[in-house]
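Enquirer: Protein chains in written order, with the numbering used here: chain A, 88 to 444; chain B, 88 to 444; chain C, 88 to 444.
Derived from the structure by calculation, the hints contain no laboratory data. Fair warning: there could be bad hints in the mix.
Same chains, same names: a pair is fine if it fits in one copy or spans any two.
What the hints assert, rightly or not - Derived BS3-like pairs (lysine-lysine); straight-line CA-CA distance at most 30 Å:
#1 Lys218 <-> Lys274
#2 Lys160 <-> Lys218
#3 Lys274 <-> Lys106
#4 Lys160 <-> Lys106
Predicted model only: the values in this text are computed from it and were never measured.
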Amino acid sequence: MNEIGRASASLAALAPRIKDAWYVIAMSHEVTGTPIVRALYGVPITVFRRPDGSAAALLDRCPHRNVPLSGGKVVEGDLQCPYHGWRFAADGRCTAIPGLDGPADHPARRATAYPVREQQGFVWVWGEPDKEPVGEPFRFRLADDPAYLTVRREVRTRGSVHAVVENALDVPHTAFLHGGLFREDRKDRRPIRCVIQRHQDRVECEFIGESRPTGLAGRILSPSGGMVTHFDRFFLPSITEVEYRIGDENHIVLNGACTPVDDWDTRLYAVVCIRTRLPRWLVRLAVQPLAMHIFGQDAVVLKQQADALHSFGEASYASTDIDLLGPHILRLMTRAARGEPVDPNAPPYVRETTLLV
Amino acid sequence: MNEIGRASASLAALAPRIKDAWYVIAMSHEVTGTPIVRALYGVPITVFRRPDGSAAALLDRCPHRNVPLSGGKVVEGDLQCPYHGWRFAADGRCTAIPGLDGPADHPARRATAYPVREQQGFVWVWGEPDKEPVGEPFRFRLADDPAYLTVRREVRTRGSVHAVVENALDVPHTAFLHGGLFREDRKDRRPIRCVIQRHQDRVECEFIGESRPTGLAGRILSPSGGMVTHFDRFFLPSITEVEYRIGDENHIVLNGACTPVDDWDTRLYAVVCIRTRLPRWLVRLAVQPLAMHIFGQDAVVLKQQADALHSFGEASYASTDIDLLGPHILRLMTRAARGEPVDPNAPPYVRETTLLV
Amino acid sequence: MNEIGRASASLAALAPRIKDAWYVIAMSHEVTGTPIVRALYGVPITVFRRPDGSAAALLDRCPHRNVPLSGGKVVEGDLQCPYHGWRFAADGRCTAIPGLDGPADHPARRATAYPVREQQGFVWVWGEPDKEPVGEPFRFRLADDPAYLTVRREVRTRGSVHAVVENALDVPHTAFLHGGLFREDRKDRRPIRCVIQRHQDRVECEFIGESRPTGLAGRILSPSGGMVTHFDRFFLPSITEVEYRIGDENHIVLNGACTPVDDWDTRLYAVVCIRTRLPRWLVRLAVQPLAMHIFGQDAVVLKQQADALHSFGEASYASTDIDLLGPHILRLMTRAARGEPVDPNAPPYVRETTLLV
Numbered sequence: 088m089n090e091i092g093r094a095s096a097s098l099a100a101l102a103p104r105i106k107d108a109w110y111v112i113a114m115s116h117e118v119t120g121t122p123i124v125r126a127l128y129g130v131p132i133t134v135f136r137r138p139d140g141s142a143a144a145l146l147d148r149c150p151h152r153n154v155p156l157s158g159g160k161v162v163e164g165d166l167q168c169p170y171h172g173w174r175f176a177a178d179g180r181c182t183a184i185p186g187l188d189g190p191a192d193h194p195a196r197r198a199t200a201y202p203v204r205e206q207q208g209f210v211w212v213w214g215e216p217d218k219e220p221v222g223e224p225f226r227f228r229l230a231d232d233p234a235y236l237t238v239r240r241e242v243r244t245r246g247s248v249h250a251v252v253e254n255a256l257d258v259p260h261t262a263f264l265h266g267g268l269f270r271e272d273r274k275d276r277r278p279i280r281c282v283i284q285r286h287q288d289r290v291e292c293e294f295i296g297e298s299r300p301t302g303l304a305g306r307i308l309s310p311s312g313g314m315v316t317h318f319d320r321f322f323l324p325s326i327t328e329v330e331y332r333i334g335d336e337n338h339i340v341l342n343g344a345c346t347p348v349d350d351w352d353t354r355l356y357a358v359v360c361i362r363t364r365l366p367r368w369l370v371r372l373a374v375q376p377l378a379m380h381i382f383g384q385d386a387v388v389l390k391q392q393a394d395a396l397h398s399f400g401e402a403s404y405a406s407t408d409i410d411l412l413g414p415h416i417l418r419l420m421t422r423a424a425r426g427e428p429v430d431p432n433a434p435p436y437v438r439e440t441t442l443l444v
Numbered sequence: 088m089n090e091i092g093r094a095s096a097s098l099a100a101l102a103p104r105i106k107d108a109w110y111v112i113a114m115s116h117e118v119t120g121t122p123i124v125r126a127l128y129g130v131p132i133t134v135f136r137r138p139d140g141s142a143a144a145l146l147d148r149c150p151h152r153n154v155p156l157s158g159g160k161v162v163e164g165d166l167q168c169p170y171h172g173w174r175f176a177a178d179g180r181c182t183a184i185p186g187l188d189g190p191a192d193h194p195a196r197r198a199t200a201y202p203v204r205e206q207q208g209f210v211w212v213w214g215e216p217d218k219e220p221v222g223e224p225f226r227f228r229l230a231d232d233p234a235y236l237t238v239r240r241e242v243r244t245r246g247s248v249h250a251v252v253e254n255a256l257d258v259p260h261t262a263f264l265h266g267g268l269f270r271e272d273r274k275d276r277r278p279i280r281c282v283i284q285r286h287q288d289r290v291e292c293e294f295i296g297e298s299r300p301t302g303l304a305g306r307i308l309s310p311s312g313g314m315v316t317h318f319d320r321f322f323l324p325s326i327t328e329v330e331y332r333i334g335d336e337n338h339i340v341l342n343g344a345c346t347p348v349d350d351w352d353t354r355l356y357a358v359v360c361i362r363t364r365l366p367r368w369l370v371r372l373a374v375q376p377l378a379m380h381i382f383g384q385d386a387v388v389l390k391q392q393a394d395a396l397h398s399f400g401e402a403s404y405a406s407t408d409i410d411l412l413g414p415h416i417l418r419l420m421t422r423a424a425r426g427e428p429v430d431p432n433a434p435p436y437v438r439e440t441t442l443l444v
Numbered sequence: 088m089n090e091i092g093r094a095s096a097s098l099a100a101l102a103p104r105i106k107d108a109w110y111v112i113a114m115s116h117e118v119t120g121t122p123i124v125r126a127l128y129g130v131p132i133t134v135f136r137r138p139d140g141s142a143a144a145l146l147d148r149c150p151h152r153n154v155p156l157s158g159g160k161v162v163e164g165d166l167q168c169p170y171h172g173w174r175f176a177a178d179g180r181c182t183a184i185p186g187l188d189g190p191a192d193h194p195a196r197r198a199t200a201y202p203v204r205e206q207q208g209f210v211w212v213w214g215e216p217d218k219e220p221v222g223e224p225f226r227f228r229l230a231d232d233p234a235y236l237t238v239r240r241e242v243r244t245r246g247s248v249h250a251v252v253e254n255a256l257d258v259p260h261t262a263f264l265h266g267g268l269f270r271e272d273r274k275d276r277r278p279i280r281c282v283i284q285r286h287q288d289r290v291e292c293e294f295i296g297e298s299r300p301t302g303l304a305g306r307i308l309s310p311s312g313g314m315v316t317h318f319d320r321f322f323l324p325s326i327t328e329v330e331y332r333i334g335d336e337n338h339i340v341l342n343g344a345c346t347p348v349d350d351w352d353t354r355l356y357a358v359v360c361i362r363t364r365l366p367r368w369l370v371r372l373a374v375q376p377l378a379m380h381i382f383g384q385d386a387v388v389l390k391q392q393a394d395a396l397h398s399f400g401e402a403s404y405a406s407t408d409i410d411l412l413g414p415h416i417l418r419l420m421t422r423a424a425r426g427e428p429v430d431p432n433a434p435p436y437v438r439e440t441t442l443l444v
């Protein structure tokens with residue numbers, strides 16, 4: 088953890104599997120009467136909307152002959168397999184077997200069903216099917232606030248959830264990989280204080296003494312500059328949050344909810360909430376292409392990283408003091424994957440370090 | 088077997104390998120003086136025709152440096168390797184090694200040869216090379232009868248032999264996957280009796296009380312309707328037979344000889360023999376496109392099934408009473424793959440069940 | 088070894104890995120200030136040229152987050168990672184970590200560096216990084232002689248180093264695979280003597296009594312015919328040499344330096360040195376397309392061989408007396424891969440055989 092040293096790790100150790108958690112499986116507008124397929128940890132799940140407007144999610148495998156249910160149709164609110172026409176209710180119950188002289192419902196013929204929630208424009212599923220969820224999905228705190236412009240986007244990346252999350256919350260690479268856009272790789276860097284607080288279900292870093300970012304994005308968001316407040320946060324199982332206040336008028340919260348399509352394939356659902364003096368059309372016009380450009384640069388390097396890890400068959404990471412959150416996040420994810428109990432009120436682990444920006 | 092219940096099985100358990108048996112390796116017209124390659128259980132076999140008209144089949148690997156012999160030429164009735172020009176007779180004997188000062192023939196230099204039979208438009212090989220075959224290939228009983236129109240077709244499907252065979256002999260899916268073409272998915276289904284007789288090398292289902300299929304195919308074949316006799320049959324290792332008599336004049340026997348290209352890749356050689364009052368040109372015109380359309384629909388769903396089984400890494404099948412033949416066929420194939428002795432005259436296992444059609 | 092018999096071998100046994108040796112990693116003109124990637128035994132190595140003209144080679148993996156360094160830039164003679172901007176010297180030392188409040192250099196942050204030599208138009212690396220090389224790379228003996236026309240070419244082949252080397256030094260296949268170009272597959276072949284001398288680090292075959300090759304290449308090189316001297320040689324780890332003298336005036340030495348991109352993917356760097364009475368422009372015009380055509384035919388058959396070996400999952404080779412060098416080369420390579428000590432002055436193993444040409 089932030090030690091000066093280098094550790095070899097298996098690829099599995101870099102991609103802990105947290106099954107007992109809520110994940111975004113699709114954006115609300117994608118879920119209609121025509122079933123779609125989305126994978127979670129490599130398992131295909133078919134998601135569809137019933138005539139009553141509710142979303143449902145079943146394992147994409149008919150219990151009869153294992154054909155994908157997603158090739159079928161929604162009939163009277165149930166999903167009908169395209170092979171023999173068996174039908175399944177949202178809870179997995181078998182409701183029809185054409186040709187069978189007897190009742191369709193039977194425990195052996197149930198489809199596997201996932202708990203579903205829909206809120207703030209996203210459909211979430213609980214990672215373990217046929218199980219009672221604990222708690223509710225993450226709420227994006229400003230997404231319903233009319234004072235904020237809210238933008239939702241999906242970005243898909245070859246890379247583990249940890250790699251994507253570490254990248255999303257990593258400050259040092261921004262000056263370099265995104266040089267000029269957000270921060271710059273200057274010779275005359277100045278030290279700022281970084282205060283890290285790691286709880287059992289989240290970790291946060293506050294940046295103290297930071298000036299307004301000198302790159303293009305900072306100048307657009309806050310032409311007049313001003314006092315900067317900056318937090319980077321991670322919440323289990325896979326949520327990132329970057330929060331900036333610049334002066335009195337500018338506030339931006341950038342969330343990313345990551346879904347493990349597979350151990351090394353991640354969908355990041357980004358929710359950006361912005362309050363600024365600038366007109367909304369201008370923010371949309373300027374910020375969105377910039378954000379997608381930055382995501383694109385990250386996706387390229389994350390794919391190169393994942394390919395290299397697989398080519399070598401292992402990881403060999405040397406961390407330094409300015410890998411502020413990545414090692415903490417891996418620790419939290421690893422413990423959650425093992426099912427270790429979480430006490431959100433336990434006193435945090437705190438440390439401070441210096442970063443040159 | 089037809090139990091109400093659900094069983095998990097390995098993929099291997101769904102694809103038993105029966106090596107000691109005859110398989111169609113190619114259609115006769117495909118086998119010429121230019122060698123072709125066809126795989127059986129993943130093993131490449133090169134098939135060629137010699138100047139005397141006989142077909143020959145060798146393992147597609149030169150014993151010298153393992154280059155595929157299929158890249159070579161037939162020279163004086165022998166197959167010549169393209170790399171160093173070694174030549175091999177139909178029985179595998181090495182007949183020439185250019186540059187060698189001494190005899191070519193030597194046990195270490197033999198190519199691996201497969202027993203071959205050619206009949207009724209097909210070239211068959213015995214599944215184990217360099218071994219004495221037992222019995223002769225399956226004969227299509229009406230293919231040589233001039234009173235019948237005979238059509239041969241090859242269909243390739245991603246799917247195990249068992250999955251293809253079960254599909255070819257499965258009645259319930261026809262009303263659904265091929266809805267309207269052959270049978271229809273009606274609300275007012277009527278019960279018919281199904282009598283299953285399982286011998287040690289074959290299993291048959293007789294359908295009693297069936298009306299003329301209501302779909303397009305039935306109406307074309309027998310516009311006037313009439314009394315229906317219907318049998319579905321399976322013969323080890325991989326032959327299907329569907330036989331319909333409708334009224335006095337219409338008789339159709341649809342055979343499928345399945346060849347395992349690999350465990351999950353099957354070539355089905357279909358032989359359809361039809362006697363009907365309709366003129367032959369009309370039957371050809373109407374039935375062939377219809378049959379290919381039905382095969383195409385089956386191929387799509389079988390591929391989805393195979394992909395799903397591989398994605399999950401296992402099968403989890405819930406059978407019901409109306410999975411009439413599939414579980415019996417798997418039982419016969421599994422026993423044959425284990426090499427258990429077969430007594431074709433042992434009394435059959437018989438059971439009866441009801442199907443709504 | 089040249090025994091009459093047939094041996095099954097694992098694929099690994101046909102691709103021994105000799106790590107402690109020099110290999111061509113790139114041609115000199117390919118190595119510039121823009122890093123390139125070349126694999127050796129499946130390990131990606133990035134090669135670049137520094138402002139002082141020297142070539143450098145690093146494992147293509149940043150020690151920080153394992154992103155490929157080849158995506159970065161050469162800055163002040165060091166290679167800079169594209170993700171966080173860490174920099175590495177040619178010896179692997181970490182020279183900069185942007186944002187870090189402290190020294191960059193630390194043993195845990197070293198990149199892995201390969202010993203490099205550049206000579207005669209090629210950049211060579213030692214197969215084991217961070218290790219002291221033993222000896223110097225192979226010198227092409229006539230490549231610097233102004234009396235000779237020297238041509239360098241790279242050919243890439245799917246095939247193990249052994250398969251490529253055996254092919255490059257194999258005489259019997261030339262009459263067949265390259266029939267008419269170099270030798271011909273004649274009925275009236277005549278015997279010649281072949282004297283093999285196997286040392287611990289090399290093996291050589293002298294061909295005694297050979298006429299000028301009757302094919303096109305021979306007629307171009309030496310229209311007037313004449314006394315032929317012909318040697319085929321192999322040097323550990325992977326160098327081939329074919330030497331012909333025809334009459335007084337014609338001398339050709341054809342070297343191949345093979346680099347294992349992976350166990351079954353080989354780059355052959357060919358160096359052809361020719362002295363002949365013909366004008367150089369004519370030799371270039373005639374010989375180069377011919378040579379590339381021959382290499383192309385070999386590449387096709389080697390790929391077929393490699394594909395077949397992988398399809399069968401093993402090798403099953405039947406060698407004869409006229410597999411003159413291949414089995415000896417495999418023996419030398421296998422011993423070198425095991426690290427057995429080599430005495431270049433030990434008395435050679437000698438044997439003689441007859442070849443019909």
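Enquirer: Each hint: holds or not?
Expert: Status of the hints after comparison with the structure:
Within a single copy, Lys218 and Lys274 get their C-alpha atoms no closer than 55 Å, and across copies no closer than 36 Å, so neither meets the 30 Å cut-off. In this homomeric assembly, Lys160 and Lys218 come within 30 Å of each other (Cα to Cα) only inside a single copy, at 26 Å, whereas the closest approach across copies is 51 Å. With identical chains, the CA atoms of Lys274 and Lys106 are never at most 30 Å apart, being 45 Å at best within one copy and 42 Å at best between copies. Taking the closest pair of Cα atoms, Lys160 and Lys106 come within 30 Å of each other only inside a single copy of the chain (29 Å); across copies the shortest separation is 41 Å, beyond that limit.
In this structure, the hints that do not hold are numbers 1, 3, in rising order.
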